[in-house]
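Model the full structure from these sequences, guided by the hints.
These protein sequence lines map, in sequence, to chains A and B. Heads up, the first sequence is in the numbering used here, so the first residue is 1 and it goes up one at a time. Heads up, the second sequence is in the numbering used here, so the first residue is 1 and it goes up one at a time.
No lab work stands behind these hints: they were computed from the structure. Among the hints, a few may not be true.
Stated by the list, open to error - Dumping the calculated SDA-like pairs for lysine to any residue here, alpha-carbon to alpha-carbon at most 20 Å:
no.	chain 1	residue 1	chain 2	residue 2
1	B	Lys249	A	Gly222
2	A	Lys51	A	Asn10
3	A	Lys254	B	Ile230
So the chains spell out like this:
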Amino acid sequence: MVLVYSDNKNLMLELLNKGSELAKELNKSLTAVIIGKDDFSKEYIAHGADKVVVAETDLDQFKAEECTDIIESIVKEDGSEIILIGSNKNGKELAPRLAAKFETGCITDCTNVYLKDKKLTAERIVYSGNAIAVEQFNTTPQIVTVPSKVFDPLPKDDKHKGEVVKKKIDVEKSSSKILKVQEMKTEGANVEDAEIIVSCGRGFKDKNDIKLISDLAEALKGRTVGCSRPIAADLKWLSEDHWIGLSGHKVKPKLYIAAGISGQIQHIAGMRDSGVIVAINKDPEALIFKSADYGIVGDLYEILPKLTDAIKTKMG
Amino acid sequence: MNIVVCAKQVVDVSEIKVDSKTNKPILAGVPQKISDIDKNAMEEAIKIKEKHGGKLTVVTVGPADAKEKIKELLAMGADEGIHIVQPEKLDYFVVSTILAGAIKKIGEYDIVLCGEASIDLFSGQIGPRVAGILNIPQITYAQNVTVEKDKVVSERNLGDKAVTIESSFPVMITVTKEINEPRLPSLMQILAAANKPINDWSLDDVGSGKIEPKITTVDIKGVSMERKNIVYQDDIDDSVGKLVDSLVKEGVLR
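Structure follows, in structure tokens:
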């Protein structure tokens, strides 16, 4: 059996695609798990699930301890050999805990999952993007987590049939308590889908100077502003939806311009898949130039307005 | 308050190069350090100890030379180190089982802390796995931690949401890099750390004498960052002009 779970619906649809491909190749069936209210079982079936197990529970919020125990019980009953879990923060704290319960292997943040000689094989990025590790399992169940946008969802097929099984699963209550859930401050930047990104880093002296970046982004008709860690995490000049890097967002625009960013490996890991990379930095030795196609050495306060003007002229 | 910090020695990822012939990352000779985010965990542990007192122990599963790096954590403020030399073959199952065995052997603990992930492999498995083995609550991706006498309140950073969670002890907390700025020990602290104990525990000591990994790494492929590296550094107006021409040729301006 192949089992998929995420508390995020879009991730679920993406996992169902990979899940049904694996299930077909192995001649197994595909189970989707919902914890809580049955909002999406029909949709999950139309996207490839042969069975949806709805764990009816009075737990109103995600707690890793309780969700782990619920999935553990479903896995035992279902005999799941492959478990795909969505790699958002909740999934990433659930999967290893589940693996600990089964004393089995777990591979997180997989960028590819496939069968090689009938063995489940997963690839993940290691050493800050310097290498890709290819891993296989020695035991079952085999647990992998997959980030969003690694796989596309299957087209909806309303003829696909599946059963919905509702179950009350009793698990030990966690002794932790959720006190508050707050939406994080966001400026609505969607860097992951952007085609052109202009990013700023510590080379900027004042929050208001970020206008130089948004002007250039506007001229490029990209309008997407990114930044490195210090700008979002330490100075908080921009909200975290702008943050590009290993612990921020990973992006792949066709054009990425980094101004005043030194080019630490953690930032590079977030933007290395970009099409063309441009760096602007006053330090000719800055690491960012090693990761760039084109660079200008100089004062960004002088360069950015001129570049914005030149681009406006060029693009009419 | 008894606190245990799990810290890993890692390769300095910014020093890794890819061998262009074999297409493998070159790891031999790369400098080693304590994983950055584990130092954030240590800083948080020291702050808790400063407020509530108690004992602060750091546990490292790593190669024989990891002992030198444990001294840095003792200089920062840990009272005692435990060093367990890693088995030849390991994965997250192996390391988390050894760490959990060590924590059980330590016996009395209220809070276990570690980084959200290590900066070399960035899997983020150790915290939740150890919590699962010990069957204690876990608070992951903590961006702040407030410890009171008999409970902890902490905010998890989920990217789009912040979840405030309260737990009794014992509890596992994994912290983000943003939670604090780890202190740099003074020369006096570095010298004093030489007198703090680092205990060597064997795999048998922590009940993990015969332990086999559940995952096999079948290949590691280097990813080389092939870029054009064309840098303009003369007159700014010329440079801007040349850059725009290049971008037009690349077809990224439309």
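Going through the hints against the structure:
no.: 1; hint: B:Lys249 to A:Gly222; in the structure: holds, 18 Å
no.: 2; hint: A:Lys51 to A:Asn10; in the structure: holds, 18 Å
no.: 3; hint: A:Lys254 to B:Ile230; in the structure: holds, 18 Å
Comparing the model with each numbered hint stated earlier shows that all of them hold.
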